[in-house]
Structures are given as structure tokens and as C-alpha cells.
Amino acid sequence: MSRPDIEELRRNVDQIDQQLVELIGARMQHVDQILALKCLAGLPRRCEEREREILERIRAASRQQGLDPELVEALFKRFFNQASSYPKATA
Amino acid sequence: MKRAPALVPLSREHNTALWLARAAKRAARSGNAERIQQAWQQLHDAWRSEMARHFRAEELLLFPVLREGGEHELVDLLLREHAAMHRTLEQPELQEAERLEALGQVLEGHVRREEREAFPRLEALLDQGSLTRLGHELARLSDRTLEEYTYDREAQETT
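Protein chains in written order, with my numbering: chain A, 1 to 91; chain B, 92 to 250.
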């Protein structure tokens with residue numbers, strides 16, 4: 001593989017990294033909104049049943065994409081743990 | 092994209108709401124009891140002077156158009172956010188920092204959703220004449236009193 005090919009692929013990776021960060025940011029915004037609505041309604045921050053459903057779905061999606069399900073699952077568990085520290089005023 | 096003139100008054104009120112939402116979040120995070128109390132007071136004042144009427148106008152005139160355009164999920168979410176903020180602002184005895192930050196978050200997210208999703212969708216759904224009529228109806232509604240709003244809201248919640 002020539003040097004220009006590698007540069008081209010790196011540019012693609014950089015673009016995907018940017019998209020990943022933007023998508024994670026968008027996910028966080030939605031989650032913050034859900035957590036805030038739960039707070040106003042006096043509901044618990046986390047819902048184990050919902051987390052289980054998400055993990056099942058992302059494990060299946062990871063296998064379909066040829067990814068290590070444990071790697072992706074670990075990332076989502078980090079997302080879930082962040083919810084425990086909402087709101088930031090009490091973090 | 093430039094906002095349709097009919098929706099400009101509501102967009103201006105969104106700017107005020109965004110400012111209040113961010114001030115509420117900052118005050119909540121400061122942990123300063125005086126700032127927290129001031130932020131609650133500002134939100135209660137805004138609720139009485141502007142927000143309640145703003146919610147009513149959107150619920151009566153904008154959301155039905157969005158529903159007709161098939162935006163049921165969006166409208167359901169906007170209504171849930173309205174209801175959560177309404178309930179919170181009608182409970183002046185509960186003024187914790189945690190709830191203030193949550194209210195700021197819901198208000199900020201709600202305004203963004205309306206500006207980025209609901210209003211552009213309305214502008215796409217309505218032709219120029221319909222938008223002009225909508226602007227006139229919004230202007231007429233602005234004279235309605237908060238008492239009338241509260242009454243209607245209670246009736247709506249019991250149905």
C-alpha cells in the first residue's frame with residue numbers, strides 16, 4: 001500500500017472519529033434530557049430493565065458488524081454509569 | 092435559515108428561555124443558596140409573565156399542525172416536557188438545586204428541539220398564507236390571561 005493510500009484511509013478514520021464524537025455528544029444530550037425529566041418526576045435515575053435491553057441490542061449489532069461485543073458493551077456500561085452522577089450540581 | 096415572521100415572536104421568547112435555562116443550571120452548580128433562590132424566582136416570574144402563555148399558544152396552534160403533518164412522536168415529547176415544566180413551576184415550595192438544574196436542562200433541551208425540529212417542520216408544512224394566518228392567531232392569543240390557561244390546562248389533564 002502506497003503512502004498516499006494510507007493518508008487517504010487516515011483521513012477517512014479522522015472523519016469517522018469526528019462523527020463518533022458528535023454522535024456520542026448527541027446521545028449524551030438526549031440522556032441528559034431524560035435524566036432531567038426523571039428528576040422532575042421524582043423517578044429513579046437508572047432503569048436496569050432498559051439497560052439490559054440496550055446491552056442485548058448492542059451485543060447483537062456488534063456481532064453483525066464483526067466487532068468484539070465485550071468492547072462495545074464496556075463502552076455502553078460507561079455511558080450508563082455516567083447517568084448515576086446526574087445532575088452535575090450534586091456530582 | 093431565516094425564521095418565518097409568524098414564528099419570530101415565539102423564537103424571541105425562546106432566546107429569553109435559553110438565557111433563563113443556562114442561568115438556572117449555573118446557579119444550581121454554584122451551590123450558592125442565594126443564587127439558587129434567585130434563579131427559581133426568575134423562572135417563576137417568567138412562568139407567570141410569558142412561559143405559560145407561550146406553552147398555551149404552542150399547544151393550541153402549533154402542535155395540532157405538527158400532528159397533522161405526522162409528527163406524533165415529536166409532539167408527544169414536547170407535551171411531556173411542557174407538562175414536566177408546568178408541574179415543577181406550579182410547586183414553588185420545592186426549590187432544591189437538583190430540581191433547578193433538571194428544570195434548566197429540560198427547558199434548554201426543549202427550546203433546542205422546537206427551534207431545530209418543530210419550527211423548521213412547521214415552516215415546511217405550511218404555505219405562506221397559512222403561516223400568515225398562524226401569525227395573526229398567535230398575536231390574538233397573546234391577550235389571553237394566565238387564569239384561563241390554568242383552567243384549560245387542568246381540564247386537559249383530567250381528560
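No wet-lab data here; the hints were simulated from the structure.
Among the hints, a few may not be true.
What the hints assert, rightly or not - Pair by pair, the computed Cβ-Cβ distance ranges are: (1) A:D17 x B:G220: 42 to 52 Å; (2) B:S121 x A:P44: 23 to 33 Å; (3) A:I24 x B:G160: 45 to 55 Å; (4) A:P44 x B:S221: 18 to 28 Å; (5) A:D14 x B:P100: 41 to 51 Å; (6) B:G220 x A:D14: 39 to 49 Å.
Just so you know, even glycine gets a beta-carbon here, dropped at the ideal spot from N, CA and C.
Indices of hints not satisfied (ascending): 3, 4
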